[in-house]
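Q: Order-wise, the sequence lines are chains A and B. Numbers given in my numbering equal positions in the first sequence, counted from 1, plus 7. Numbers given in my numbering equal positions in the second sequence, counted from 1, plus 16.
Keep in mind that the hints are not guaranteed to be accurate.
Claimed, not checked - If you only want the chain A side, here are some residues facing chain B, beta carbon under 7 Å, derived: (1) Pro57; (2) Gly58; (3) Gly62; (4) Ile66; (5) Phe129; (6) Tyr134; (7) Arg145; (8) Phe153; (9) Ala156; (10) Ile160; (11) Ala164; (12) Leu170; (13) Cys171; (14) Leu174; (15) Leu175.
What the hints assert, rightly or not - From chain A, some residues computed to sit far from chain B (all C-beta separations above 12 Å): (16) His90; (17) Leu91; (18) Arg112; (19) Thr116; (20) Arg123; (21) Arg135; (22) Arg137; (23) Gly191; (24) Ile248; (25) Arg270; (26) Glu278.
Stated by the list, open to error - Computed footprint of chain A on chain B, listed as stretches where at least three residues anywhere in the stretch have a Cβ under 8 Å from a Cβ of chain A: (27) 170 to 180; (28) 356 to 364.
Source of the hints: derived by calculation from the structure; they are not laboratory data. These figures come from a predicted structure and were not determined experimentally. Even for Gly, the Cβ is constructed at its ideal location relative to N, Cα and C.
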Amino acid sequence: MIAAALAVTLFQSIDTIAPHRPPRTMAVDERLATDAHIKIGDHIVLSNAPGAREGDTLIVSALVRRRADPSEVARAEYRVRLHLDELQSLIAYSDRVDRFAVATRGASTTDSAIRRINAAAFGFQAYRSRDIAVETSRTFLVVSRFHRAIGVITIVASAIFLLCIMLLKVDERRRDVAALRLMGISSRSIVWSVMVEAAVVAVAGSAVGVAIGWTASLIINWHYRAVYRTPLAFAVVTTDIVSLAVALSLVLGLVAGFFAAQRLVRMSALELLSGRREKRPPSAVAAG
Amino acid sequence: MLLRLAWATLTRHRSRTLLATLGVAVSAAMLLDMVMLSSGMRASLQSLLLSRGFQLRLAPKGTLPFDTEATIPDASDVIRTLRTVAGVTTISPVLGGQLHAAVGERTVTATALGVDPTVQGDYEITNGRAPATSNELVASEDFLRASGARVGDTLSVAAGYDAQLRSFTGRRTLTLVGVAHFLYMAAEQRSVALPLATLQDMEGSRARDRVSLFMIKAADDVSVDTVLHRIERALPRVSAVSTETAMRQLDTRMSYFRQLAFILGAVSLGVGFLLVTTLVTVSVNERLGEIVVMRAIGVARGRIVLQIVVEGIAIMVIGALAGLALGLVTARYLNSILASFPGLPAAIDFFLFEPRAAWTSLGLLTGAGILAGVYPSWRGASMPIAITLREEAVG
Numbered sequence: 008m009i010a011a012a013l014a015v016t017l018f019q020s021i022d023t024i025a026p027h028r029p030p031r032t033m034a035v036d037e038r039l040a041t042d043a044h045i046k047i048g049d050h051i052v053l054s055n056a057p058g059a060r061e062g063d064t065l066i067v068s069a070l071v072r073r074r075a076d077p078s079e080v081a082r083a084e085y086r087v088r089l090h091l092d093e094l095q096s097l098i099a100y101s102d103r104v105d106r107f108a109v110a111t112r113g114a115s116t117t118d119s120a121i122r123r124i125n126a127a128a129f130g131f132q133a134y135r136s137r138d139i140a141v142e143t144s145r146t147f148l149v150v151s152r153f154h155r156a157i158g159v160i161t162i163v164a165s166a167i168f169l170l171c172i173m174l175l176k177v178d179e180r181r182r183d184v185a186a187l188r189l190m191g192i193s194s195r196s197i198v199w200s201v202m203v204e205a206a207v208v209a210v211a212g213s214a215v216g217v218a219i220g221w222t223a224s225l226i227i228n229w230h231y232r233a234v235y236r237t238p239l240a241f242a243v244v245t246t247d248i249v250s251l252a253v254a255l256s257l258v259l260g261l262v263a264g265f266f267a268a269q270r271l272v273r274m275s276a277l278e279l280l281s282g283r284r285e286k287r288p289p290s291a292v293a294a295g
Numbered sequence: 017m018l019l020r021l022a023w024a025t026l027t028r029h030r031s032r033t034l035l036a037t038l039g040v041a042v043s044a045a046m047l048l049d050m051v052m053l054s055s056g057m058r059a060s061l062q063s064l065l066l067s068r069g070f071q072l073r074l075a076p077k078g079t080l081p082f083d084t085e086a087t088i089p090d091a092s093d094v095i096r097t098l099r100t101v102a103g104v105t106t107i108s109p110v111l112g113g114q115l116h117a118a119v120g121e122r123t124v125t126a127t128a129l130g131v132d133p134t135v136q137g138d139y140e141i142t143n144g145r146a147p148a149t150s151n152e153l154v155a156s157e158d159f160l161r162a163s164g165a166r167v168g169d170t171l172s173v174a175a176g177y178d179a180q181l182r183s184f185t186g187r188r189t190l191t192l193v194g195v196a197h198f199l200y201m202a203a204e205q206r207s208v209a210l211p212l213a214t215l216q217d218m219e220g221s222r223a224r225d226r227v228s229l230f231m232i233k234a235a236d237d238v239s240v241d242t243v244l245h246r247i248e249r250a251l252p253r254v255s256a257v258s259t260e261t262a263m264r265q266l267d268t269r270m271s272y273f274r275q276l277a278f279i280l281g282a283v284s285l286g287v288g289f290l291l292v293t294t295l296v297t298v299s300v301n302e303r304l305g306e307i308v309v310m311r312a313i314g315v316a317r318g319r320i321v322l323q324i325v326v327e328g329i330a331i332m333v334i335g336a337l338a339g340l341a342l343g344l345v346t347a348r349y350l351n352s353i354l355a356s357f358p359g360l361p362a363a364i365d366f367f368l369f370e371p372r373a374a375w376t377s378l379g380l381l382t383g384a385g386i387l388a389g390v391y392p393s394w395r396g397a398s399m400p401i402a403i404t405l406r407e408e409a410v411g
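Just chain A, with the same shape it has in the complex (with noise of 0.2 Å):
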């Protein structure tokens, strides 16, 4: 009798104390930690609806730091992870997902898998992981696509800057060069000579330029690192990037220097003492 009473009232006690369901756990955007004073250990209460008087307790578990992602860089929003079934329940959400992540067993059993879950599909679709980082990243095929072209036309300037430097210096040394010409000195020897000094002035320009451009990348990096709070590289100096930009810079010098040796060698050293040049009767011109 005793112990059937006890039953009955174990059974009670169990029946009318709420079930014990520990807290769930989540993980928190480093920023919103920062930003919020978040640490591991503390309880947050989340609500589908700001305001809302109630909703659901978790613990902070983890701290998540925000991956290099160049499409989430200027997304300012803060994140946090929680268990599906936690996030499913807290916006009634239901036995729903947004996307699945599906790994395969290779590249060649990847194809296969896309068309059998396309086939078996009805109302969503099944992408190549590469195909998602392509649609993600067209941004940044935009932002490179306008880089490339205020390159192209920085390149112009570079060029019409250069000619007409070494415009400058062969007019500033017609004497000297008419010298040289008395002396017997080839026309091909002073293109020689005004295409290495192109080619110095611009491979020097070039050195300068790439240790601007190197120090610029630091202080680019640093800037936006801090502006967008990401480990996201913004400028990235390569040795393709250097070669690249020597390598041009070094054809620049050498296109210039020729035009601009070429002003000097179809003169004739008088005309080049002179300063002034000749009027010579068609006949002659055609002579050379």
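Using the hints, position chain B against chain A.
A: Chain B only, in chain A's frame:
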């Protein structure tokens, strides 16, 4: 006389002057583009946001309009509350969603806007008319191209899928009554608009009495900020965004372009300045004999300085004028690149020409031209006459 002398000096070395002018033109073009870039997008977005007269937007708390999929619940209550706020004259609720139109064997998906057609501020009718009943819709040209539909056609549409039942959900038969130009949609984005209640009904329980945003017009005699603060007090669970707030958000997100514009503009101006300084300095060095002779025969030092400065300004101004034309061409090209940003409203221009931009560029370049002539003119005008004459005569 002054101008004639300056012109004679510049035309003495035509190829050199031509190249310098060309260099300044490219720098001026870049400078104009960067001045346009620094303010163009802001002005363009501001003009777009105010184009239909709505100065305020209400979005779910903590978000910007259509920045997330969050919606505002109890839209009817919100409208009732808004009607009590002094200074609010027009309220236009908008719900965003998707619509799938069955076209033969295939489905064409479009962005759908549920609106009140009598007060909406999202589109302009270009052909046909606005929806007048619950079973009518208007669509963009891109949707018509993709679906092959025409005004007057009846479309079978759905708001979603049920993957388990393998069927469309929220199905309706709607009549296409007009073609619209959607102001805030990206280029080539397929869009449709239909009455708000119809879209809410099609989306089922998740959109019942919910909207994505409210667009609000404030009375002319009340400041927009005052109305914004009243709304925030009356509705603490929504974010009120004024055009100015949207501009500030844009400034934060697009600060990269403003800073790039500033840096490249400064570099362009620097390059133009260096080019003209170099040219005028070399030109003065070549003419030291002439300059000291002019001083020896009594020409005032100030006049010589002025002539050399005029040379610098002439190159800058001629180059700048050529550069402004070149800048407009390059701006159009650069704008066509940036216009392909995903999700950007087609009406937004990064490079918006405003006369102020041209005057700013011209002013900066003229200032640079004056500065470019200062050093060489000072040098030329301060040479000792006797010594320089002797050196120039001896050669």
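Q: Taking the hints in turn, state whether each one holds.
A: Structure-based check of all given hints:
A distance limit of 7 Å between C-beta atoms decides the matter here; for Pro57 (chain A) the minimum to chain B is near 4 Å, and the interface restraint holds. Contact between Gly58 (chain A) and chain B, as hinted, is supported at the beta carbon level, the nearest pair being about 6 Å apart and thus within 7 Å. The interface hint given for Gly62 (chain A) is violated, since its Cβ lies 14 Å from the closest Cβ of chain B, which is over the 7 Å cut-off. With a least beta-carbon distance of about 23 Å to chain B, the hint placing Ile66 (chain A) at the interface is violated under the 7 Å criterion.
The interface hint given for Phe129 (chain A) is met, as the beta carbon of that residue sits about 4 Å from the closest beta carbon of chain B, less than 7 Å. Below 7 Å, beta-carbon pairs count as interface contacts, and Tyr134 (chain A) has none with chain B, the closest being about 15 Å; its hint is therefore violated. Taken as an interface hint, Arg145 (chain A) checks out: its beta carbon lies about 5 Å from the nearest beta carbon of chain B, inside 7 Å. Annotation: Phe153 (chain A) was flagged as interfacial toward chain B, and the flag holds, the nearest CB pair being 5 Å apart, inside 7 Å.
Annotation: Ala156 (chain A) was flagged as interfacial toward chain B, and the flag holds, the nearest CB pair being 6 Å apart, inside 7 Å. For the restraint placing Ile160 (chain A) at the interface with chain B, the shortest Cβ-Cβ distance is roughly 6 Å, inside the 7 Å limit, so the hint holds. A distance limit of 7 Å between C-beta atoms decides the matter here; for Ala164 (chain A) the minimum to chain B is near 4 Å, and the interface restraint holds. Because the smallest distance between the Cβ of Leu170 (chain A) and any Cβ of chain B comes to about 6 Å, under 7 Å, the interface hint for this residue holds.
Of the supplied interface hints, the one on Cys171 (chain A) holds, with its beta-carbon coming within about 4 Å of a beta-carbon of chain B, less than 7 Å. Annotation: interface hint on Leu174 (chain A) holds; nearest CB of chain B at approximately 5 Å, less than 7 Å. The interface hint given for Leu175 (chain A) is met, as the beta carbon of that residue sits about 5 Å from the closest beta carbon of chain B, less than 7 Å. The claim that His90 (chain A) lies off the interface holds: its Cβ sits roughly 21 Å from the closest Cβ of chain B, which is beyond the 12 Å cut-off.
No beta-carbon of chain B is positioned within 12 Å of the beta-carbon of Leu91 (chain A); the least distance is around 17 Å. Against chain B, the non-interface label of Arg112 (chain A) holds: every CB pair exceeds 12 Å, the least being about 25 Å. Residue-level check passed: Thr116 (chain A) sits 23 Å from the nearest beta carbon of chain B, beyond 12 Å. Distance check on Arg123 (chain A): its Cβ is at least 16 Å (rounded) from any Cβ of chain B, clearing the 12 Å threshold; non-interface status holds.
With 12 Å as the threshold on Cβ separation, the claim that Arg135 (chain A) sits away from chain B holds: the shortest Cβ distance comes to roughly 19 Å. Consistency note on Arg137 (chain A): stated as away from chain B, and its beta-carbon is indeed over 12 Å from all of that chain's, at 17 Å minimum. Listed as outside the interface, Gly191 (chain A) is consistent with that label: its C-beta sits roughly 23 Å from the nearest C-beta of chain B, beyond the 12 Å cut-off. Taking the minimum C-beta to C-beta distance to chain B, about 18 Å, the non-interface status of Ile248 (chain A) holds against the 12 Å cut.
Listed as a non-interface residue, Arg270 (chain A) fails to keep its Cβ farther than 12 Å from every Cβ of chain B; the least gap is roughly 8 Å. Residue-level check passed: Glu278 (chain A) sits 14 Å from the nearest beta carbon of chain B, beyond 12 Å. Interface restraint, the region 170 to 180 of chain B with chain A: holds (4 residues with C-beta to C-beta distance below 8 Å; minimum three). With 3 residues carrying a beta carbon less than 8 Å from a beta carbon of chain A, the region 356 to 364 of chain B meets the three-residue requirement, and the given coverage holds.
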